[in-house]
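The lines below spell out each chain.
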Amino acid sequence: MSAFTAIGEDREIDQNEFTPGIEPQATWCPGCGDFSVLKALKQAMPEVGRTPDEVLLCTGIGCSGKLNSYFESYGFHTIHGRSLPVARAAKLANPGVEVIAAGGDGDGYGIGGNHFMHTARENHDMTYIVFNNEIFGLTKGQTSPTSPKGHKSKTQPSGSAKDPIRPLSLALASGASYVARTAAVNPNQAADILAEAIEHDGFAHVDFLTQCPTWNKDARQYVPYVDVQQSDDFEFDVTDRQEAGEMMYEVESKLYEGEVLTGRFYKNDRPSYGEEKRATGEMPEEPLAERYFDEDAQWERAADELIEKHT
Amino acid sequence: MSAFTAIGEDREIDQNEFTPGIEPQATWCPGCGDFSVLKALKQAMPEVGRTPDEVLLCTGIGCSGKLNSYFESYGFHTIHGRSLPVARAAKLANPGVEVIAAGGDGDGYGIGGNHFMHTARENHDMTYIVFNNEIFGLTKGQTSPTSPKGHKSKTQPSGSAKDPIRPLSLALASGASYVARTAAVNPNQAADILAEAIEHDGFAHVDFLTQCPTWNKDARQYVPYVDVQQSDDFEFDVTDRQEAGEMMYEVESKLYEGEVLTGRFYKNDRPSYGEEKRATGEMPEEPLAERYFDEDAQWERAADELIEKHT
Amino acid sequence: MTDQELIWRIAGGSGDGIDSTSRNFAKALMRSGLDVFTHRHYPSRIRGGHTYVEVRAASEEVRSRGDGYNVLLALGDSFARNPQEDAYYGKEELKPLTENFDDLREGGVIIYDEGLIDEEQAEEVGLHEKAEENGWYVYPVNLRAIAKEHGREVMRNNAGIGVMSTLLDFDTSYYEEIIGEVFNEEIAEANRTVIRDGAGTAEEFDEHPDLQMPTAEEHDEEQALVSGSDAIAYGSLDAGCRFISGYPMTPWTDVFTIMSQNLPKFGGISEQVEDEIAAASLALGASHAGVKAMSGSSGGGFALMSEPLGLAEMTETPVVLVEAMRAGPSTGMPTKPEQADLEHVLYTSQGDSTRVVLAPGNHEECYEQIRTAFEIAYDYQIPTVLIYDQKLQGELRNINVSFFDREPDGDPGSVLTEDEIEEAAHHNSGKFQRFNYDRDKEVSPRTVPGQKGGRYLATGNEHNESGHISEDPTNRVLQMDSRLGKFEYIREELDEKGNQTHYGPDEAQYGIMTWGSHQDTVFEAVDRLNEAGHSVKALGVSDMMPYPAEEVTAFLESVEECLVVEMNATGQFRGLTQKELGRFGPKLSSLLKYNGNPFEPAEIVEGFETSINGEELGDTTMKYVPAAGD
Amino acid sequence: MTDQELIWRIAGGSGDGIDSTSRNFAKALMRSGLDVFTHRHYPSRIRGGHTYVEVRAASEEVRSRGDGYNVLLALGDSFARNPQEDAYYGKEELKPLTENFDDLREGGVIIYDEGLIDEEQAEEVGLHEKAEENGWYVYPVNLRAIAKEHGREVMRNNAGIGVMSTLLDFDTSYYEEIIGEVFNEEIAEANRTVIRDGAGTAEEFDEHPDLQMPTAEEHDEEQALVSGSDAIAYGSLDAGCRFISGYPMTPWTDVFTIMSQNLPKFGGISEQVEDEIAAASLALGASHAGVKAMSGSSGGGFALMSEPLGLAEMTETPVVLVEAMRAGPSTGMPTKPEQADLEHVLYTSQGDSTRVVLAPGNHEECYEQIRTAFEIAYDYQIPTVLIYDQKLQGELRNINVSFFDREPDGDPGSVLTEDEIEEAAHHNSGKFQRFNYDRDKEVSPRTVPGQKGGRYLATGNEHNESGHISEDPTNRVLQMDSRLGKFEYIREELDEKGNQTHYGPDEAQYGIMTWGSHQDTVFEAVDRLNEAGHSVKALGVSDMMPYPAEEVTAFLESVEECLVVEMNATGQFRGLTQKELGRFGPKLSSLLKYNGNPFEPAEIVEGFETSINGEELGDTTMKYVPAAGD
Ligand SMILES: Cc1ncc(C[n+]2csc(CCOP(=O)(O)OP(=O)(O)O)c2C)c(N)n1
Ligand SMILES: Cc1ncc(C[n+]2csc(CCOP(=O)(O)OP(=O)(O)O)c2C)c(N)n1
Ligand code: SF4
Ligand code: SF4
Ligand SMILES: [Mg+2]
Ligand SMILES: [Mg+2]
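Residue numbers (numbering that gives the first Met the number 0), protein chains in the order written: chain A, 0 to 310; chain B, 0 to 310; chain C, 0 to 629; chain D, 0 to 629.
Be aware that one or more of the hints could be misleading.
[Said to hold, decoys possible] Taking lysine-lysine pairs in the BS3-like style, the calculated list, with each CA pair at most 27 angstroms apart, reads: (1) D:Lys129 <-> B:Lys216; (2) A:Lys151 <-> C:Lys147; (3) A:Lys308 <-> A:Lys148; (4) B:Lys216 <-> A:Lys151; (5) B:Lys216 <-> B:Lys151; (6) B:Lys139 <-> A:Lys308.
[Claimed, not checked] Restraint ranges, calculated between C-beta atoms of paired labels, are given here: (7) A:Pro23 <-> C:Glu128: 54 to 64 angstroms; (8) B:Glu249 <-> A:Phe233: 17 to 27 angstroms; (9) C:Glu118 <-> A:Pro23: 21 to 31 angstroms; (10) A:Arg277 <-> D:Asn435: 30 to 40 angstroms.
[What the hints assert, rightly or not] One-sided and incomplete, this derived list gives chain B residues near chain C with beta-carbon spacing under 8 angstroms: (11) Gln24; (12) Glu71; (13) Ile78; (14) Arg87; (15) Ala88; (16) Val184; (17) Pro212; (18) Asp232.
Hint data in this document are derived by calculation from the structure and do not stem from the laboratory. Quick caveat: nothing in here was measured; it's all calculated off a predicted structure. Every residue gets a Cβ at the ideal spot worked out from N, C-alpha and C, and that includes glycine.
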C-alpha cells in the first residue's frame with residue numbers, strides 16, 4: 000500500500016477545505032486582484048478532484064507569494080523567483096502529488112525568467128500561475144517586466160524606457176504545452192482555466208491578470224475583458240502553434256492598448272518530462288518517494304555494484 | 000576634446016591588429032569551430048571601421064569565453080553567463096565604445112538565459128555572439144540546452160529527455176531587433192553577418208554554429224549548410240516579424256534533422272535602449288564616462304539640490 | 000513646556016498615513032527647536048496590519064530610540080474591515096491599541112480613535128484596568144468623525160494632532176506650516192480645520208496629563224531631517240557616483256529609490272534590472288567603462304551578488320555595494336532590523352576575501368563612510384561594501400544642514416589619462432600592462448575602453464601583468480600578494496579617517512563595544528551607567544575589513560571586561576574580534592537581541608549590569624553570552 | 000626490486016591519454032601488491048597544454064603526494080602543432096619535458112618521446128647539462144614511431160611503459176592484464192605489441208638507472224583504486240541518496256558525473272539543470288517531497304547556491320551539498336587546488352548560519368563523512384555541506400575493498416509515517432504542527448506531501464508552529480533558538496563519530512593542525528619530524544561547524560606551539576580556530592601555500608623547522624605567518 004494515502008483518494012471535496020483555519024482571511028489590500036486567484040483556485044480543486052493533502056503549492060515572494068498562507072494544502076513558500084525549480088523536483092520525487100507553482104510577474108518573468116524558460120521547455124507536468132499585476136506589489140510599486148512602456152514609478156520617475164516582455168509568446172517559444180490568460184474580473188473563466196491547466200499533462204502556464212489598486216491606480220482594472228473563445232471576432236486553432244503564436248502576439252499587444260483579451264491560446268499533447276525521462280530509463284517507474292517509506296525496500300549497495308571497477 | 004580619442008578615429012584598419020601579441024595562437028582543439036568565430040570577427044572589424052582600442056569584448060566562461068584571449072581589444076572575460084549585464088552597462092556608460100558580448104550555448108542560453116531575454120527586450124545597442132556547439136565544451140562534454148533530444152553524455156547516459164531550446168525564436172519573442180545564424184563552416188557569410196550585426200543599432204543576436212569535434216564527435220560538422228538568403232527554396236521578409244518567426248521555427252527544427260539553415264532572419268529598426276532612455280531624460284546626452292575625465296566638469300552637490308526638502 | 004522628553008507613538012494600519020504624519024510631526028518639532036529621532040515598526044504587508052512610528056524629542060541631543068514611550072495616538076487599522084473580500088478579521092483593528100500597551104510608561108497618554116476602535120471592545124481588552132494600574136491618561140475621541148466632517152477620513156491623523164495640542168500644550172504652528180508645504184491650499188485648509196476641531200474637542204476633557212511638551216530653544220543653525228538612506232544616497236551623489244543598478248528589496252529599496260529619483264537630475268543613470276546578479280554585474284560594467292558606480296541589496300539579493308563580487312575582487316574593478324540588513328535567515332522578517340549579515344558580507348564568494356567592509360554607526364557616518372567607500376574603491380580598485388540595517392535605514396534624525404556642505408568628488412580614482420597611458424608600461428605587443436607586479440601601494444593604474452593605447456584584458460581567471468590568463472605559480476603568488484597587500488595601505492588611510500568612535504571617560508573600568516546602528520543607543524546607555532556610578536566607556540567600530548586591530552587592542556587592553564552589543568543570535572562581531580584579536584576572548588561577553596526589535600538604552604543598561612554581576616537576564620528578549628572560561 | 004619508492008610522472012598534453020595510462024599503471028602496481036597514490040596537474044584546457052600525473056608507489060603505506068619524483072615519461076604535447084588552425088606555437092610541445100625539470104630528484108630517470116620532442120631542441124633547453132648536474136639517466140626513444148608501427152599514435156604511452164619495463168625491471172603482466180580488460184582484443188593485442196617493442200628498444204641502452212621498482216608483497220586483502228570523488232559518490236549512494244541535481248563545474252563535476260551515471264541503475268534520478276540556483280532549489284524540492292537529495296558545485300556555482308542554502312536553513316529542509324574547492328577568487332585557477340572557500344561555505348547567505356560543515360581529510364573520510372552528512376541532515380533537518388578540494392577529488396589511492404562493505408541507509412530521517420501523523424500535534428484547523436516549540440533534541444518531525452493529515456507550510460519567512468508567517472518577537476526567539484539549538488546535539492553526535500584524526504606521539508612538544516586534503520601529507524611530515532628528533536603530533540580537523548571546541552582545546556593545551564597548515568592566503572582555518580578558541584591565538588602560527596600546487600611533505604617539514612627556529616622561509620612558494628605578538 001502506498002505510504003501516501005491522500006494521493007488519489009476518492010471522496011467528496013468541498014472547496015472550503017482549502018480555506019486554512021489559521022489565516023482564513025487574506026490580508027491583501029481591498030480590491031486586490033489576488034483575491035480572485037485564490038477564489039478561482041479553491042473553486043477549481045473539487046473540479047479536478049484533489050484534496051489538500053495531495054496538493055503541493057509552491058510560491059515565490061511577493062504579494063502573490065502569500066497565496067500559500069490563504070490556501071490550505073502542503074505548501075512551500077520559497078524564495079523570490081525560485082518556485083519552479085523547487086516545484087518540479089517535488090513532482091519528479093513523487094509524481095502522484097499535484098504540483099502547482101505560483102508567483103508574481105516580477106517573480107516569474109523578472110528574476111525567475113530563466114527557470115520559466117527551462118521549466119517550460121522541459122514540459123514538467125505541473126501548473127504555473129503568474130499573478131500578473133504589471134507591477135512589483137510587495138516592494139511598493141516599482142516597474143515590473145510587464146509594466147507598459149512609459150510606466151512611471153518610483154524607480155522610473157520619467158517613465159520606463161523598456162518594452163514589456165511578452166509572457167505568452169515566451170511560454171510558447173520556450174515549449175510550454177498549455178498557455179492561457181485569464182483575469183481577476185473573470186472568476187468563472189478563471190476557475191475553468193485553472194482546472195484545465197491542472198488536468199493538463201505537461202507544463203501549463205496561466206498568466207493571470209490581477210489588478211493592483213494600490214500601486215497601479217490608474218491602470219485598467221482589466222475590464223471590459225473579452226474571452227477569445229467566446230468572441231466571434233477571433234478564430235484560431237489552439238492546437239496550431241503558428242495560429243496560437245499570432246493570437247498571443249495580438250493579445251499581448253492589445254493589452255497595452257487597453258483591450259483585455261483572455262482565454263486559452265495553446266494546447267499540445269507532447270509527453271511530459273516525467274514520461275520522457277521514464278522512457279529513457281533515467282527515472283524509476285514507482286514514485287521515488289515511496290521507497291523511503293517501504294520497510295521492505297531493497298537498497299542497492301555501492302560495494303556490490305561498483306567496487307569491482309576499481310579493483 | 001574627448002578623453003577617448005580611439006573612438007571614431009578614422010584610419011586604415013588591418014585585421015591583424017586584432018591578433019594579440021601575447022597569445023597569437025588560440026589553443027582550442029584542432030578542428031574546433033571557435034577558430035572560425037575568431038577569424039570572422041577579425042575580418043568584420045575593418046569592415047565596420049573599428050580599431051582595437053574602441054572595442055570592448057565581454058565574454059562568459061567556456062571554450063567560447065577564451066575568445067578574449069585571442070582577440071586584441073579591450074576585454075572583460077566575466078563569469079559564466081554574465082557577459083550581457085556587464086556589457087550593456089559599459090555601453091550605457093560610454094555609448095561611443097563598440098560593445099560586443101560573446102559566450103557559449105550553455106553560458107548564454109543555459110545559466111545566462113534570463114539576461115539574454117531581458118537584454119534582448121531592452122534592445123541595447125550591442126552585438127551578442129553565441130558560440131553554439133550544442134555542448135558544454137570546457138567542462139568536458141555535458142549536454143547543453145541546445146543539445147538534441149536523445150543526446151548522450153556523461154551526465155545523460157541514456158540520452159537527454161529534454162527538447163532543446165529554440166534560440167532564434169526566443170530572441171525574437173524577447174525583442175531582439177536583429178537575429179541571424181551562421182556557421183563556422185561558412186566564413187564569409189559569418190564575417191558579413193557579424194559586420195551587419197555590429198552595425199545594427201540595437202540588440203543583434205548571432206547564433207554561431209561551432210562544431211566541437213572533441214565532445215560532439217558524431218555531431219554533424221554543420222555541412223552542407225544553406226544560406227536562406229541565397230537559396231531559392233526560402234522566401235520570407237526579414238522585416239516581417241511573423242514570417243521571420245516561422246522561418247526561425249523551421250530553421251531550428253531542421254537543424255536536428257541534419258539540415259543546416261543559416262542567414263539573417265529578422266531585422267527591425269525600433270529605437271535602441273540608449274535612444275529610448277535619452278528620450279525619457281533618464282540618460283545624459285554626453286557619454287557619462289567623459290565627465291570623469293573632464294577637468295572642468297561641474298559636479299552637482301547634494302546639499303544644493305536636495306537638502307532643502309529636509310529642512 | 001517642560002524638560003521632559005516626549006516619546007510619541009502613532010499607530011495604525013499600513014496605508015493609514017502613519018509614515019507621513021510622523022514625518023511631518025518630527026519635522027515640526029525639529030523646526031520648533033527640539034532634537035528628534037524616529038523609530039518605525041511595521042509588518043511586511045502593504046495595507047493593514049499593525050504599524051507604528053515613534054518620535055522621540057527633547058531639548059538636548061536625541062540620538063537613539065528611547066525606553067518605551069509616553070504618548071500614544073492609536074488610530075486603529077482602517078484596513079482591518081474588508082467585507083467584500085471576505086477579509087473582515089476579528090479584532091485586528093484593535094491592534095494599534097493593544098499591541099502598544101506593553102511599552103507605555105507610567106503616567107503616559109493614550110488618545111484613540113473611537114471612530115474605529117470601539118469603546119466597549121477597548122474595555123474588553125482591559126484598557127481601563129491597565130490605565131488605572133499605570134496611571135495612564137486615556138482620551139477616546141471620534142477622530143474619524145472629525146476628519147469626515149471637514150475633509151476625508153485619512154485626515155483623522157491630524158484630528159489626533161489637534162487633540163494632542165490641547166492636552167500637551169503643543170503649539171501646532173510649525174506643524175500647520177508643514178501641512179501648507181505638502182498639500183495644496185484647499186486640502187491644507189481642511190487639515191487645519193481638522194486640527195482645530197480636534198483641539199477644540201479636547202478642551203472638553205477635565206483631566207489633563209502631567210506630561211507636557213519639552214521646552215524648545217532655537218537650534219544654533221538650520222537643521223535637516225534625514226534618514227540613514229538619505230545620508231547614504233546623498234553621500235554617494237557627492238562622491239561622484241552617477242550610475243546605480245539595482246532590483247528592489249526591503250530595506251535597500253530606499254537608497255535605490257532616492258538615487259533613481261535624483262540621478263537623472265544629476266546627469267547620471269539608474270537601471271532597474273532583471274535580478275541582483277545583473278544589478279551587480281552592471282555596476283561592474285559601468286565601472287570598467289570609467290564611471291563611478293554602485294549597486295546594493297538586502298539579504299537574499301546580496302546573496303545573489305556573491306559571484307559578481309568575487310569577479311570585482313579578481314579583476315580589481317572598483318565598485319561600491321551597499322547591503323541593508325534585515326532579520327534572516329532567508330526571507331526572515333523583511334521589515335525587521337537585525338545585524339546578522341556581517342559574516343555573509345565579509346566572506347561570501349569563493350576564495351580569500353579581498354574587499355573592504357564599512358559599517359556606519361549613525362546618519363553622519365552613513366554620509367561620510369559611503370564617501371570613503373567610493374574613495375577607497377576607486378583609488379584602490381577594490382570592491383567596497385557598506386553594511387547597514389533596516390533600523391538605521393529608516394530612522395529620521397536632525398542634523399546640521401552645514402554638515403552636508405561639502406565638495407563633490409568627480410575623481411575617477413587610479414585611472415590614467417591618454418597622455419599618461421603613452422608613458423605607461425605596455426607589453427611589447429602594444430597591450431597595456433594593467434596588472435603590474437611593481438606597484439605603488441599595491442595599486443596598478445587602469446585604463447578604460449575607448450582610451451587610445453589602453454586596451455587590456457580583465458578576467459576573473461588568475462592573470463599575468465597584461466591581464467592574460469596565467470596559471471604560473473610565481474605569477475599567482477605575486478598577483479595574490481598585490482591584491483591582498485592593499486589592505487595595509489587601506490588600513491592606514493582608514494586610520495586617518497578615524498571611523499571608530501570612542502565614547503565615555505578615557506579611564507574606565509569596563510568597556511562596551513558595538514558596531515553599526517546601535518552605536519548611539521549604546522552611548523546613551525554609557526551616559527546612564529556612568530551617572531549611576533559605573534565606570535564604563537564605549538567603542539563603536541565601523542571598519543569591519545580591514546579590521547582596526549590596533550585601535551581595538553588599545554581599547555580592550557584599557558578595560559577589565561568588555562560587553563559586545565549586537566543584534567544577532569551568534570555574536571558575529573564578537574566572533575570577528577576574537578578571530579582578529581583572539582587573546583582578548585576571555586574579556587569579551589555578548590549582549591544579543593534577535594527578536595526583530597532594536598535595543599532600547601535601558602536594555603543595554605540592564606544587560607551591562609547583569610554581565611558585571613554575573614546574574615541571569617530577566618528579560619528573555621535578550622541573550623547574554625559570557626566569555627568562554629579559561 | 001628494491002625498497003625504494005617510485006614516483007613516476009607521465010607528462011604530455013591534455014587529451015594525450017595521460018589520465019587513462021596513469022590510472023592503468025597505478026592499478027597495475029596496486030594489483031602487484033604495492034600501495035599507490037596519484038597526483039594530477041593539468042591546465043584549464045581541453046587539448047594540449049602541459050599536463051602530468053604522478054604515481055607514487057611503495058611497499059609500505061603511501062598516503063600522500065611525495066617530495067618531487069624520480070621517473071619521468073615525457074610524451075610531448077601532441078596538440079601543440081596545429082598548422083591548419085594557425086595554432087603552431089613555439090616550443091609548447093617541449094613543455095612536458097622542460098616543465099618537469101625542477102622536481103626530478105637526483106639520479107632520476109627521463110624517458111622522452113623523440114617522435115615529438117626533437118633531440119636538438121632538448122639539447123637547446125639544456126637537458127644534458129642538467130642531466131649531468133643531477134645524475135639523471137636520459138633515454139630518448141621514438142615512442143611515436145613504435146606506436147604507429149603497430150597501431151595508432153596514442154599508443155605511444157604504452158611504448159613508454161615498455162621502455163620502462165626494461166629499464167626499471169617492471170613486470171608488465173598486471174599492466175597487460177588491465178589493457179585486456181579495458182580494450183577489445185584487437186586493440187589490446189596491438190598495445191601489448193607496442194609495449195613489447197618498447198621494451199625491446201630499451202634493451203639497446205647500455206646504461207641502466209640505479210632506481211628499480213619497489214618490492215611488492217601481496218596485499219592482505221583485495222584493494223580498490225578510488226578517487227575522493229568516487230568515495231563521495233559511493234558514500235552518497237550508500238547513504239540512500241537517490242536524487243542529485245547539478246550543473247557542471249570543475250572539480251565538482253566528477254561527483255556529479257559518477258552519480259548521474261549510477262543513479263538510474265540505483266533507481267534514482269539525476270537532473271542536470273539550467274544553473275546552480277536551480278540545482279540547489281531542486282534538491283530542496285526533492286527533499287521536501289521525501290527523497291534523500293543532494294546537490295553541489297565549486298566556487299562560483301556554490302556562490303549561486305547561497306540563497307537556496309538559506310532557505311533550507313529557515314525551512315529546516317534536510318539537504319546535502321558538496322563544495323569542491325579550486326583556486327579562487329572568481330574563476331581563479333579552475334584546475335588547481337586551494338582551500339580558500341571555507342569561510343564562504345561557513346557563512347554565505349544572510350542571517351546567522353545554521354548549517355553543518357564537514358571537511359574530510361582523505362578518501363575513507365570522504366565516504367564516511369558524506370554518510371554522516373546525510374544522517375545529520377535528515378535526522379536534524381539541517382543543510383549539511385561537505386567541503387573538499389580539487390586535490391582530494393582527483394587523487395587515486397588504494398583502499399581495502401572491505402572498507403566499502405557497509406549497509407546502505409534508506410532511513411528518511413525525522414519524517415513521520417501516516418500512522419504517526421495521526422497521533423501528532425495539529426492546529427485545531429487540521430494543519431500539522433511542523434515547527435513545534437517543544438522538541439526532542441530541537442527537532443520537530445516533518446511530513447511530506449501526499450501524506451494524509453500532514454499538510455503544512457514551509458516558508459523562508461519566520462513562521463509559527465504551523466509554519467505560517469509570524470513576526471511575533473517571542474515566537475521568533477523560540478524558533479531561532481530551536482534551529483540554533485540543534486548544534487549542541489549534533490556536536491555530541493559528531494563527537495561519537497570521531498571525525499578528528501590524531502597522529503603522532505601523545506606527549507609531544509609541538510602540534511601541527513590541518514584540515515581537509517592535506518591531512519595525510521601532514522602526517523607523513525610528522526613521521527619525518529619525529530624521526531629527525533623533533534617532538535611533534537598532529538590533529539586533522541574535519542568538523543568545521545559545529546566546531547569541535549573541546550577536542551581542539553585539549554590538543555592545543557597539550558602542546559607548546561601549534562603550526563596550522565592550509566592551502567590559502569589568509570589562514571582561514573586558523574582564523575576560525577581563533578574565533579572559536581581565541582585564547583590560543585598566541586600559540587598559533589600558519590604555514591600557507593596558494594600558488595596552485597599542493598604541499599609536499601618536505602615543505603611541511605621545512606615550514607615546521609622554520610617556525611620553531613623563528614627563521615625566514617627560504618621557499619617563496621609558501622608563506623609563514625607567526626603568532627600575533629602579545
Ligand atoms: C532575491 C530577492 N530580491 C528581491 C526581493 C524583494 N522582493 C520581494 S517581492 C518582489 C517583487 C514583487 O513583485 P511581483 O513578483 O510582481 O509580485 P507582486 O508583489 O506584484 O505580487 C521583490 C523585488 C526578494 N525577496 N528576494
Ligand atoms: C557559475 C558557474 N557554473 C559552472 C561553471 C563551469 N563551467 C565553465 S564553462 C561551462 C559550460 C561551457 O559550455 P558553453 O557555455 O556551451 O561553452 P563552450 O565551452 O561549449 O564554448 C561551465 C558549466 C562556471 N564557470 N561557473
Ligand atoms: S499591493 Fe497591490 S498586489 Fe499587493 S496586496 Fe495590495 S493591491 Fe494586491
Ligand atoms: S572542447 Fe570543443 S569547443 Fe572546446 S576547444 Fe575543443 S573542440 Fe572547441
Ligand atoms: Mg506583480
Ligand atoms: Mg557550448
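Return the numbers of the hints above that this structure violates; sort them in rising order. 1, 2, 3, 4, 7, 11, 16, 17 and 18
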